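*Asks:* Residue numbers are given in this note's numbering: position 58 of the sequence shown equals residue 58, and the series is strictly consecutive.
Since the hints were made in silico from the structure, they are not lab data.
Don't take each hint at face value.
Label-pair distances were calculated between CB atoms; the ranges are [said to hold, decoys possible]:
id, residue 1, residue 2, range
1, A85, L25, 35 to 43 Å
2, L39, A75, 40 to 48 Å
3, L59, L39, 15 to 23 Å
4, V93, R21, 35 to 43 Å
Just so you know, these numbers come straight off a predicted model, no measurement behind them.
Ideal placement from N, C-alpha and C gives every residue a C-beta, glycine not left out.
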Amino acid sequence: MTAVADRDPGLQPERTRLAWRRTTLSATVVALLAGRQALHSGATPAALVAVALSAMAWLGFLLVAHRRVGRMGVARPEPLAPRGALTAALCTVAFAVFAAAMLF
């Protein structure tokens, strides 16, 4: 038997699906807190741009996560595409940059 045939497809995709959902929830909280912070300190044009960019980064991450979770429903899911991985990484970095920008 090969390693592919011996693989238990049940738990690993489920753990990965749950991890994507937790990460999406964390990104949602970060985007909401960024919006709250920007609007609480005054609705300046820069704050509104920061809120809009945070919302765009959140939507990008949500799209990648939704596609990934949808593809985890099979016994042998395909690996995450490089484009999806890059989008998720860029959205995460964007959240960090927006957070740093709001502190100054």
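*Asks:* That 15 to 23 Å hint for L59 and L39 (C-beta), does it hold up?
*Replies:* With a Cβ separation near 18 Å, L59 and L39 satisfy 15 to 23 Å, so the hint holds.
*Asks:* Look at the Cβ atoms of L39 and A75 and judge whether their distance stays inside 40 to 48 Å.
*Replies:* holds, 46 Å
*Asks:* If I claimed the Cβ atoms of V93 and R21 lie 35 to 43 Å apart, would that claim hold in this structure?
*Replies:* violated, 21 Å
*Asks:* Look at the Cβ atoms of A85 and L25 and judge whether their distance stays inside 35 to 43 Å.
*Replies:* violated, 20 Å
Going through the hint list in order, the structure does not satisfy hints 1, 4.
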